[in-house]
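**Q** Kindly produce the complete structure, drawing on both the sequences and the hints.
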Amino acid sequence: MEKTLVVEMKNITKRFPGVLANENVNLQLHKGEVLALLGENGAGKSTLMNMLVGLYRPNEGEIYVKGKYVTITSPQDSMALGIGMIHQEFMLVGNLTVGENIILGLKDLPIVPDISEINKKIIELSEKYELQVDPTRLVETLTVGEQQRVEILKLLYRGADILILDEPTAVLTPKESKELNKILKKMLAEGKSAIFITHKMIEVLEFSETLMVLRKGKCVGIKPTATIKELSEIANLMVGRPVLFDLTKGPFKPGKVRVELKNVCVNSKTHSRKTLDDITFNIREGEIFGIAGVAGNGQQPLSEVITGLLKSNSGSILIDGVDYTNKTPLQIINSGVSHIPADRGRMGIVGDMNVGENLSMKKYRTIELSNHHMINKSKVREFASRLIEKFVIKTPNQFTSAKFLSGGNIQKTILAREINSCKGVLIAVYPSRGLDVGAIESVRENIIAQRDKGTAILLVSEELDELRTVCDTIAVMFEGRIMDIMDSKNASTEKIGLLMAGVERSSK
Amino acid sequence: MRFRIEKRNEKSKKMQILIPLYSLLISAILGGFVLILSNANPIDTYIAIFKGAFGSDTKIQYTLVKMIPLLMCGLAVGIAFRLRFWNIGAEGQYVMGVIGITWVMQFWTWLPGVLLLPVGLLMAIIFGGFWGGIPGALKAQWRVDETLTTLMMNYIAIGIAEFLYISAWKAPKNNMGTVTFPEIAWIDRFWGKVHYGIFIVLILVVVLYYILYKTRWGFELNMIGKNSEAARCQGVSIKRNIIIAMIVSGGIAGLAGGIDSAAVTHSLTKGVNSGYGFTGIIVAWMSGLNPFISIIVALFLAALHTGSDALQITMRLPSAMGEVLQGLILLPLLAGSIFIDHRIIFTRAKRDK
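Protein chains in written order, with the working numbering: chain A, 25 to 532; chain B, 772 to 1124.
Hints listed in this document are in silico derivations from the structure and should not be mistaken for laboratory results. Take these hints with a grain of salt, some might be off.
In silico EDC-like links for lysine to aspartate or glutamate, alpha-carbon gap of 20 Å or less [unchecked claim]: (1) 199/A to 227/A; (2) 997/B to 214/A; (3) 386/A to 1080/B; (4) 240/A to 84/A; (5) 830/B to 959/B; (6) 90/A to 191/A; (7) 447/A to 476/A; (8) 997/B to 465/A; (9) 427/A to 1000/B; (10) 145/A to 113/A; (11) 519/A to 489/A; (12) 985/B to 301/A; (13) 401/A to 413/A; (14) 199/A to 214/A; (15) 131/A to 141/A; (16) 202/A to 57/A; (17) 387/A to 1000/B; (18) 335/A to 1000/B; (19) 145/A to 132/A; (20) 280/A to 347/A; (21) 427/A to 376/A; (22) 785/B to 376/A; (23) 784/B to 376/A; (24) 351/A to 1080/B; (25) 240/A to 309/A; (26) 209/A to 148/A; (27) 286/A to 257/A; (28) 273/A to 469/A; (29) 985/B to 406/A; (30) 985/B to 392/A; (31) 830/B to 1080/B; (32) 477/A to 465/A; (33) 414/A to 469/A; (34) 519/A to 503/A.
**A** As structure tokens, this is what we get:
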């Protein structure tokens, strides 16, 4: 039986100055199915979806929704057609209730809305789709998973039947992902449809009926998910060349202790629970020490307390046996610690400065790039072009503003700067988050190369596969505490998963 | 016709030049309406302003003399603006500078005469730097909003100055105003009214250009201004730099006050809060924080100032009309700056099929 088409995009071409973002793309979404949209960063996935929700308009091509030709010029237009998008960053107001958030921005609302009536309707909806959320709770008290449900409810309340989800599982625990999958299946059974943008290939298999791969703005493959046998099949389509999933890693030969944390505590400004609670561990030369955990369980504060960006309330941090507790970031940098921060755009680069300047942000103080207080610009230029070549950073030239680079190349810029200035300790927080397969590969290779050179590395990640293949030792964090530290050889996904969810070994 | 605004992929160099020119034209047209309403011929008025500013040697001299403190105040707030520290307190820092130099001139008379001027200017820098450093420290330590503190401290400084020239330091025979500075400590003039202070400010432009664009500190200020969180991760101390930048910023505004009083007013008296500190904000903004472009902007605004003073006489217009025109200049410029990053795309009305 032929399924009904709900969305059809025909020969879509979108040009930006100097860039062809989408070229002759055809997309078909049927009623009751999930279409997974895959592709590397900058492959044109978001651009394509943004045309569907009216943020951009195609230069060429036509869009049909439910069989009718449409021109979508604003998110309001797309909402009227029943299309809604959940962005990676949730658009919720923390100090309003769930119910208030859901009706926020609705046009035909009376001046004083009857909130109890609205809450009743929300509860009805949430029961229908098993999206348990209390409409009277404040959004800021919800977990990330619950906030995502609010976003979904927001679209359902507005009558959306075509949902676009941009990397919805990036912020979820494995358990929450499963629940999301269940919710989606329920909605599909009700005749709704969804487009699912993702990087994670395993999820594609679990969530979708059809998958579509974009590469450099063009569609390079549409397949029923059921026909996929090997993950590498999808990966090769995305990158356009075979991808190595096996990393070559030298034998684990730990040397002397470089970083030592003893009973480090950080109090929280807002909660009574400590942000970091009695953290003790060592990182040795030539060791990759992995931190597993659901985002928001203290991993980022841990990296910041080591790099001096966050003050500890008790405990001590030693680097090469010297006490560096609560020293300034500069003193810690000078002691040999490099830092790849969690949030690239906000902490890692200065978007409005050029690539060369960004590359020199650690070394500009040294004799290598400046004499006394004057920066030697020709040395900076030479230094930058050397790093751009060595780390294969794709940029028109070193004078391009860093913000115009793709996510992967921004990360390579940070990696180049930090590895170049690294003198023995590297703190890497979510270094491969949100990157495409090719870039992840290069990030991991670089980190392993550092380890083989004898660097002590702290690697915070939420990808269990990454932790298990890259790390030598894995610690799991939950609510600011270290649940367990284990050899990565003994770390099964189930074991880490349970610890991440806060299940103690004893209570198992 | 519909239109929408789209972000450009790169800052448009062309627009950076065209926008000031176009907005000047738009301001001239807007100003023209205001002038017509006040029964004045716009073209005649603009010609009168130009003649009032550059029409004769004396007028050019007046304009140049006004340009000196204006340019210095523009440079001063420009340094703070680089850090996104909105120092709108240059006016108060300027006044404190005048108080500083006056203190030396009045009470440090035991100094050898030749030292009076250098020590006095140094004191102007210290007073101004102190006045700028306070909001800097408050912001760095407790995140106190700088727009409020710098603005309020203007009025405190002006109040102190009034107290001094009306009562505490008043010259015995005058109604108000301090005793004139000793003549040996005046800054000399070399062409009519134009004094050697102009060289100090031009040297300052070059020095600041080097500091801001070539040194490690300039690089750090740039990093902080464009992404303070990333700068912090790179080991740059935000607190320390905010305080230092505000001391430097206040110091330069204070020096502007010191130079202007040593060269022009020769005393602390009414009119010390001349508005240079506020107009300096316009200088910094219009120049895009570039010291060299600041020279042109400061000259332009100084000319508008002297030119509109002449309006009273030649066109029988209130001199406040000059201020109206000044305000009208900034408005299109600020509105226009959106086109450096964005473009307008016109599209035809919805097509139906």
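**Q** Hints numbered earlier in the text: which of these fail when held up against the supplied structure?
**A** 2, 3, 6, 8, 10, 12, 14, 24, 25, 27
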